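A.B. asks: Please build the complete structure, drawing on both the sequences and the hints.
Letter by letter, the chains look like this.
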Amino acid sequence: EDQVTQSPEALRLQEGESSSLNCSYTVSGLRGLFWYRQDPGKGPEFLFTLYSAGEEKEKERLKATLTKKESFLHITAPKPEDSATYLCAVTGGTSYGKLTFGQGTILTVHP
Amino acid sequence: ETGVTQSPTHLIKTRGQQVTLRCSSQSGHNTVSWYQQALGQGPQFIFQYYREEENGRGNFPPRFSGLQFPNYSSELNVNALELDDSALYLCASSLAGQETQYFGPGTRLLVL
Numbered sequence: 553e554d555q556v557t558q559s560p561e562a563l564r565l566q567e568g569e570s571s572s573l574n575c576s577y578t579v580s581g582l583r584g585l586f587w588y589r590q591d592p593g594k595g596p597e598f599l600f601t602l603y604s605a606g607e608e609k610e611k612e613r614l615k616a617t618l619t620k621k622e623s624f625l626h627i628t629a630p631k632p633e634d635s636a637t638y639l640c641a642v643t644g645g646t647s648y649g650k651l652t653f654g655q656g657t658i659l660t661v662h663p
Numbered sequence: 036e037t038g039v040t041q042s043p044t045h046l047i048k049t050r051g052q053q054v055t056l057r058c059s060s061q062s063g064h065n066t067v068s069w070y071q072q073a074l075g076q077g078p079q080f081i082f083q084y085y086r087e088e089e090n091g092r093g094n095f096p097p098r099f100s101g102l103q104f105p106n107y108s109s110e111l112n113v114n115a116l117e118l119d120d121s122a123l124y125l126c127a128s129s130l131a132g133q134e135t136q137y138f139g140p141g142t143r144l145l146v147l
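Residue numbers (the numbering used here), protein chains in the order written: chain E, 553 to 663; chain W, 36 to 147.
Please keep in mind that the hints were generated in silico from the structure rather than gathered at the bench.
Remember, predicted model here, so these are calculated numbers, not experimental data.
Be careful, since some hints might not be right.
Said to hold, decoys possible - Using C-beta positions, here's what the derived DEER-type ranges look like: (1) Thr578(E) x Gly91(W): 11 to 21 Å; (2) Glu117(W) x Lys609(E): 24 to 34 Å; (3) Ser559(E) x Asn106(W): 35 to 45 Å.
Claimed, not checked - Which chain W residues stay away from chain E? Per the calculated CB distances, all over 10 Å, these: (4) Val39; (5) Phe80; (6) Glu87; (7) Asp119; (8) Leu147.
Every residue gets a Cβ at the ideal spot worked out from N, C-alpha and C, and that includes glycine.
C.D. replies: Shown next, in the form of structure tokens:
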């Protein structure tokens with residue numbers, strides 16, 4: 553069974569203090585690893601899809617990387633508006649259409 | 036380009052009742068998936084619909100059922116509601132053969 557574990561559960565940063573979120577996964581035949589941002593009471597907002605180890609993608613202050621066992625979401629010089637829950641998910645094996653999510657990392661950026 | 040929309044935004048039901056939630060997929064997308072998200076948890080996969088048929092199902096009982104219509108919109112039906120069904124229900128759409136799913140704003144269901 554596919555499993556995704558995210559750490560830390562919560563992260564508090566000062567504005568401008570760079571850090572990384574971790575997503576460890578176990579899946580038979582990874583087809584894709586996904587990062588989403590979710591604001592309270594809202595649906596997840598798509599950020600990145602990574603398909604193979606070594607792949608990297610960037611968007612503004614965010615950069616996602618992928619290895620064979622984990623993914624990192626690097627946040628450079630965060631701003632208060634980056635505060636949200638960041639969700640990691642995978643698809644793999646024969647479970648087409650099924651995203652398996654981690655529990656999320658709650659990021660709070662203080663001004 | 037129109038994103039994924041869901042209705043209603045909020046709903047309050049009592050235990051034992053039935054509920055129908057609705058979803059319109061992003062324009063051009065022909066596949067719809069439904070997820071349940073309990074407070075403080077990641078979303079859990081309920082099922083996916085493609086070509087008006089169920090195309091995969093998670094660990095949810097048969098009282099969770101769905102439909103997809105020719106215009107690719109979808110419904111999630113839950114019978115015999117239980118208190119534990121209280122959650123945010125998310126709909127996501129995608130293009131068949133592509134992995135990335137795009138989510139709607141969700142429907143918050145409270146069962147009393």
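A.B. asks: Against this structure, judge whether each hint is valid.
C.D. replies: Hints and how they fare:
1. Distance hint check for Thr578(E) and Gly91(W): the Cβ-Cβ separation is about 19 Å, which falls inside the suggested range of 11 to 21 Å.
2. Taking the beta carbon of each, Glu117(W) and Lys609(E) are about 40 Å apart, not inside 24 to 34 Å as hinted.
3. Roughly 42 Å separates the CB atoms of Ser559(E) and Asn106(W), a value that falls within the hinted 35 to 45 Å.
4. The beta carbon of Val39(W) is not kept farther than 10 Å from every beta carbon of chain E, the shortest such distance being approximately 8 Å.
5. Non-interface call for Phe80(W) relative to chain E: violated, since the shortest CB-CB distance, roughly 5 Å, does not exceed 10 Å.
6. Interface exclusion of Glu87(W) from chain E stands, the closest Cβ pair being 15 Å apart, more than 10 Å.
7. For Asp119(W), the shortest C-beta to C-beta distance to chain E comes to about 18 Å, beyond the 10 Å cut-off, and the non-interface label holds.
8. Against chain E, the non-interface label of Leu147(W) holds: every CB pair exceeds 10 Å, the least being about 19 Å.
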